[in-house]
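Protein chains: 2
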Amino acid sequence: MTLIFRQAITKLNALACLTTGALCLSTGAQPEEKPNIIFFLIDDMGLMDTSVPFITDEAGQPKIYPLNQYYHTPAMEMLASRGHRFETFYANSVCSPSRISIMTGQSSARHRSTQWINQDERNAGPDGWRWDGIAADQVTLPKVLRQNGYRTIHIGKGHYGPLNSPAADPKFIGFDINIGGCSIGSPASYSGKDNYRSGIYHVPHLEAYHGTDTHLTDALTIEACKQIDKSIADGKPFFLQLAHYALHAPFQPDPRFADKYSDEADPLMPAYASLVEGMDKSLGDLISHLEDKGLGENTILFFLGDNGSDAPYHGRKSNVSQKIGSSAPLRGKKGTHYDGGMRVPFIASWVTPTASSALQKKWPLAQNQITSKEHGFASIEDLFPTTLELAGCDAPAGHPLDGSSMLGVLATANSASMRNEFLMHFPHAHRSSYFTVFRQGPWKIIYHYNKPADQAYELFNLLDDPTEAHNLARSQPERLKHMAASMQLALNQAGAQYMKDKPILP
Amino acid sequence: MTLIFRQAITKLNALACLTTGALCLSTGAQPEEKPNIIFFLIDDMGLMDTSVPFITDEAGQPKIYPLNQYYHTPAMEMLASRGHRFETFYANSVCSPSRISIMTGQSSARHRSTQWINQDERNAGPDGWRWDGIAADQVTLPKVLRQNGYRTIHIGKGHYGPLNSPAADPKFIGFDINIGGCSIGSPASYSGKDNYRSGIYHVPHLEAYHGTDTHLTDALTIEACKQIDKSIADGKPFFLQLAHYALHAPFQPDPRFADKYSDEADPLMPAYASLVEGMDKSLGDLISHLEDKGLGENTILFFLGDNGSDAPYHGRKSNVSQKIGSSAPLRGKKGTHYDGGMRVPFIASWVTPTASSALQKKWPLAQNQITSKEHGFASIEDLFPTTLELAGCDAPAGHPLDGSSMLGVLATANSASMRNEFLMHFPHAHRSSYFTVFRQGPWKIIYHYNKPADQAYELFNLLDDPTEAHNLARSQPERLKHMAASMQLALNQAGAQYMKDKPILP
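Chains S and G supply the protein sequences, listed in that same order.
For what it's worth, my numbering labels the leading residue of the first sequence as 6, then goes sequentially.
For what it's worth, my numbering labels the leading residue of the second sequence as 6, then goes sequentially.
FYI, nobody ran anything at the bench for these hints, they're computed from the structure.
Please note that the accuracy of each hint is not assured.
For lysine-lysine, the following DSS-like pairs were computed, each having C-alpha atoms within a straight-line distance of at most 25 angstroms [stated by the list, open to error]:
| id | chain 1 | residue 1 | chain 2 | residue 2 |
| --- | --- | --- | --- | --- |
| 1 | S | K39 | G | K505 |
| 2 | G | K366 | G | K241 |
| 3 | S | K505 | G | K367 |
Short, incomplete list of chain G residues facing chain S, as computed with Cβ under 8 angstroms [said to hold, decoys possible]:
| id | residue |
| --- | --- |
| 4 | G403 |
| 5 | G408 |
| 6 | N425 |
| 7 | Q493 |
| 8 | L494 |
| 9 | N497 |
From the three backbone atoms N, C-alpha and C, an ideal C-beta is built for every residue, glycine too.
All chains, full assembly: derive it from the sequences and hints.
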């Protein structure tokens, strides 16, 4: 027990370090090497779009589901064996809110870009919602890292601001380098033959690949590797966000892998699975490049998706949870308020685990480890403080963070969770419309602003009922009251905004 | 169960109303009358400085302790019989942070006036702490109420900014009227014969009482009643904060009541008890005046203290909890991190409960009701949203609130709590120095930034151990880890600031 007590202290120490700064200094006389940090961010990638199992059985061991058997992601399997993944890692159910949470460490209710950013016009929402994305005065992760000696590189999908707005260019939000990022959220075409475009929706900066058969995912990977090489030449640590446009629609087959897959019931699934495998090849290529350059020991990689799956899979089995589709056995998909819309794969790993590495001794990550649902969860807002701790720099004064560093939890097997709350506020119309989701411990409450009173609430215990099959809102009224009150307080604390014409129930 | 379910919906409706605004409109054709709202705020008044029992027994019934038997507060007894009080109502353990939380609805970690404001100089603290009090651009309750048709009146102690700073005058923070408020936190003398002053520390605006035997508490009450009359003449609803300098030191006997009390062991106690009774007389006089003017039905009063007791009582009995003093049986007093330093009396009541009152039908308050510790707690941050709901106005967009409206809970007997967290962050030196306290459900964790590792944490279960006698930090390591992580997340969410030279443990 004494040992665990010490771990608790160490963890709080580590967590607090990012805000106090004072003890983040190296104790040695030499300035300490800083790790390279990579966010490998996959658009629309849900928890089940991989052969790596993230859902555990009753013993807390990973369990293979049919979708895991359908996809082939060997590089992810390798990464999972080297690192530490979470069964439950929350994002928003749509992309821009999640991406801006990753950049700011704040919940979407707080940063106020609560809906996806429409590149062409102001998407509908409450009066003050940030439809125009990240503002000049917002604190962002690349700004802070750049100030602390990092070369900051963005490759791929941006989607931080609409067309012709400042935030359309990732350089505006703190990246030294931007290749491929602009206002669009999807590529129109993944094919170099199409110049990665259709009409005005084109991926910029990739003219060298136009007319070739280079897949967009591959082109971005090549550019990422080039930027890594430039960072070596510059002698600076780098922060690389490789944000693939894949797996977003259009579901064009990737000719390198499409022939491996078939699906009679869902004819788009083979194309989708080929996009998945192309993404996985990118991961493998990136890791190989880092190892070739001798950077594996000093580079930490965070693999994650930005919202639940949009896989064109409608289920081929008769039972209900399978029929739900994209994220089976989870309920729901991208855009919905169920866990299938909000849970994403998350793996943290040193690229090359090495026992003798000073950096890895300082921040150990448990290998081949999964933190199962019984041990809690993490979320996109935790990336900002985690990264600041790795970079050895302070959080900006007065910048509220809706997350905590994960490094304490990632160090050991089945540690207690570092958080027990997650909030997603969505005062907009989409696949699911006008809702707030609040998770606290095992409980999840969903409030629907535009439904009649007797259907306005859903309440689930996700440990007893991970597929959200049993709405307990009526049978557990005291728990519902408690959760509704806690949700309201969390909304108040974030300064949440509401639609005037979609208020709370009458 | 259906009934309770409906209550939950009604409560969330009521809570959300303050942020959406849309459904706060009256359903009738006529604009609805707004209630008058009074904060009766007593300086340094702890939970036990009254004959009204706030602590309950195992059956949830109020239990009389020796301190309740020592004091005489008949007006408070009357108010308690008319209204709804909380056994557990949290404030900060020092005054300015609490007062600014009441004005802003934000925790002190968020508004950043984390220490009492030294009127003469910058009090020590982290770089960016708001030692100069409320800034021009801060959202405050009286500003919002004034914009919504209220006459806003401050009588008594201000202490919102240091000498010669803008916030030294309560008018700067949104009050139309200020009588008696300035930079000082204590009156130097309560006697009109002394002109309520000693040297430069004098209470302003009370020249009419100089040289008389009018006690300061009485003078402020007379002025409050005059302002109520002016509000009637103006035809506007009023928000009155009657913020007594009492019970703050100096502990001068109030000659009207001093002879009633004796205490050989603690010779200052009779003087202190006379200040208490003088404060109570003020409450009675104010209620009488409101009733004489026919305002009792439409006026809601919130009685509260701003931090734990500073009573000069050291205990005369041999058991430990009694020896602790001022707040016995609670542990600790003003300035400390124990509940005796952080819990204050709170009573919410319509001045004259009237079944036929339209306003009281809209916002019923349970009478002669105590919400016991088993049913949760509330805090100073809840006053802002509660008051906005009563005033029928929105919370300002983008202003985070660390509280929720209490009206749903106050309406019924032993309702579920509306909150299960409270944070007090104190990166300063005082009676207790450099600590953070975080309450979540029954658990309370205290972290000491400047103590050795084996003494840095305290952990209590306040339902099992309301006197904080048994530190469980070592015996419950998993709970400690969970609470430490939740505390760190709450600090991150508030954007808390830390002393560079008093960081977290090495």
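Structure-inconsistent hints, enumerated in ascending order: Going through the list in order, the structure violates no hint and respects every one.
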